[in-house]
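**Q** Using the sequences provided together with the hints, build the complete structure.
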Amino acid sequence: MLNYLIKRLLWMIPMLIGISLISFFIMHLAPGDITASESSFNPKASEESRQKLRALYNLDKPLMTQYSLWLKRIVKLDFGNSFASHQRPVLWETKDAKGNITRGMIQDALPVTLMINLIGLLIIFALSIFLGVVSAVNQNRWPDRLITIIVFVGFAIPGFWLALLLMYWTGVSHSWLPISGLHSAGFEKMSHIAQYADLLKHLILPVSISSLGGLASISLYVRNGMLDILQQDFITTARAKGLPENKVIYGHALRNTLLPLITIIGLSIPGLIGGSVIGESIFAISGMGKLFFDAVLMRDFPVVMGILTIGSVLTLFGNLIADIGYAWADPRIRRGISN
Amino acid sequence: MKNLRQNPLALSGLLIIITVLFVAIFASWLSPYDPNYIDIQSILLPPSHSHFMGTDGLGRDVFSRMLYGSRISLLVGFVAVGIATLIGTFLGAIAGFYRGYIDSIIMRFVDIMLSIPTFFLILAVIAFLTPSIWNIMIVIGFTSWMGVTRLVRAEFLSLRNREFILAAEAMGASDFRLIYKHLLPNSLTPIIVSSVLGIASAVLTESGLSFLGLGVQAPQSSWGNILTDGKEYIQFAWWLSLFPGLAILITVLGYNLLGEGLRDLLDPKNKNLKK
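First to last, the sequence lines map onto chains A and B. In terms of numbering that gives the first Met the number 0, the first sequence is residues 0 to 338. In terms of numbering that gives the first Met the number 0, the second sequence is residues 0 to 274.
No lab work stands behind these hints, which were simulated from the structure alone. Given the structure is predicted, the values throughout are model-derived calculations rather than measurements. Don't be surprised by glycine CBs; every beta carbon is placed ideally from N, CA and C. It is possible that some hints are incorrect.
[Stated by the list, open to error] Some residues of chain B that are not near chain A, with every Cβ distance over 12 Å (derived): (1) Tyr36; (2) Val78; (3) Asp102; (4) Val138; (5) Met170; (6) Pro184.
[Unchecked claim] Only some residues are given here: those of chain A computed to face chain B with a beta carbon under 10 Å: (7) Ile25; (8) Ala155; (9) Asn255.
[Stated by the list, open to error] Label-pair ranges, simulated between beta-carbon atoms: (10) B:Gly99 x A:Gly98: 57 to 65 Å; (11) A:Ile122 x B:Pro130: 28 to 36 Å; (12) A:Glu187 x B:Gln234: 40 to 48 Å; (13) B:Pro45 x A:Ile122: 32 to 40 Å.
**A** Okay, here's the thing in structure tokens:
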């Protein structure tokens, strides 16, 4: 097991280099550079100040040199500062000579996105296992057909459209739920319980929109997995020896269906992070998605590169945790690894 | 085709797609107005006899814009998936046929591409290029070939040592002939199924990008950018949001139904199960 862990960790090094190469070259192959965009915001920017900017970010050096300078910095977890006028650090807070702390942009944004996606994952898990099992147990009867229709619509519905409709319906015409941000005005003055309630209210719409796609695909997965396993011999054995049907389904079949789900969750992480762009833009939530979208529009190189890199690293770690979790949960895999 | 009739899901998917195709081809005959004609006398009119789906903030007829928008979603779906399928099949075929270190290199590249959040990648590239429909199709194509590569490789690996391949090889068939005439035709099923499902997700991605303002640019209409207007006017004009969303939903549903239906029909394992 330890050998496997070390091997997996070492594998991540070439993967990380590959990821950084791809994202770096995509940024730079595109026409137009940061100095052009910077000057359009500030018409007085002289040619001299543009040159300064180029030198500061090594934009005047050859691509390979730029890349190796950048790589040297990110190994030390230094993603630089934003090109925007506030010049905040991209990743983590820094202290200046006077002791003033400037918080990092990803430092502020990542917990928000993680919170929304983790709550979403919990909901996806609970609901899709329920839907999948109900569907499989009632194969080809009306509950199964109804759930299948819901699943297909869930796959096809554009999340941002549903978000718009829900915003209109629950927020604008009935004012049941707040439609933007994560806090109401006067959040700081509320009691702790009121703060949680307020946050929860703000989270209902974004979390339900972000969990929709995963809900559809994982219920379909649980249904098909259950149907597969219910046909196997050990289920027939369990039934033949007189186990109650409940035990057969929840004790034997479901346990075996859920194992591969660990891997699926790991694989769904890049989708979840990427999917946060539209949801967070609509609901004006300052998480990773909105930060990335704004940075892309501003051509804020350091922020774009920082988020691409951090997002991919998170994905790699997600996959690693999923694989370890799988090995931990399934003795067959564990034995295969130690051999 | 006979089997298709017995599968109501696949059949309804096919009907939806044929309808969209028909609408897209005959959009200029079917639309009652010029989709880009700005009429400030009739801004934000609700659906009526003269405007089936109402008018938008510039007084343009939403129904006509929807009809023309179907061209975009169709074009993006087919071209993007065409690119992805070509790249994916080519790399998957080489990896599965030659195995060894070529296989390792290609598959590690696939792993790397899969661990970069796709929508971030697409967004970054689109924003750095100028947003246009061609750039969208190319970028979606170049960021969604990894699934096909894995499928084709797996298929090739399982076919590579079968007798009919070994026989062809023993008769002196070249690598190209082996791949093109023998291995590829036998791997078509998963490629077709994943292409049809891929079109569905390409349509969704395009509409998302257009909605964010990074896709099809005004005055050209796409279902996604009609929805952007819908967001502006959501308090006064529900029709601007409702119809384009429904169109996307139904089209994507059509491709998904057809894809899943084809998977059931073409998969020999399923046939054995039914017997």
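**Q** So, against the hints stated earlier in the document, which numbers end up violated here?
**A** 4, 9, 12
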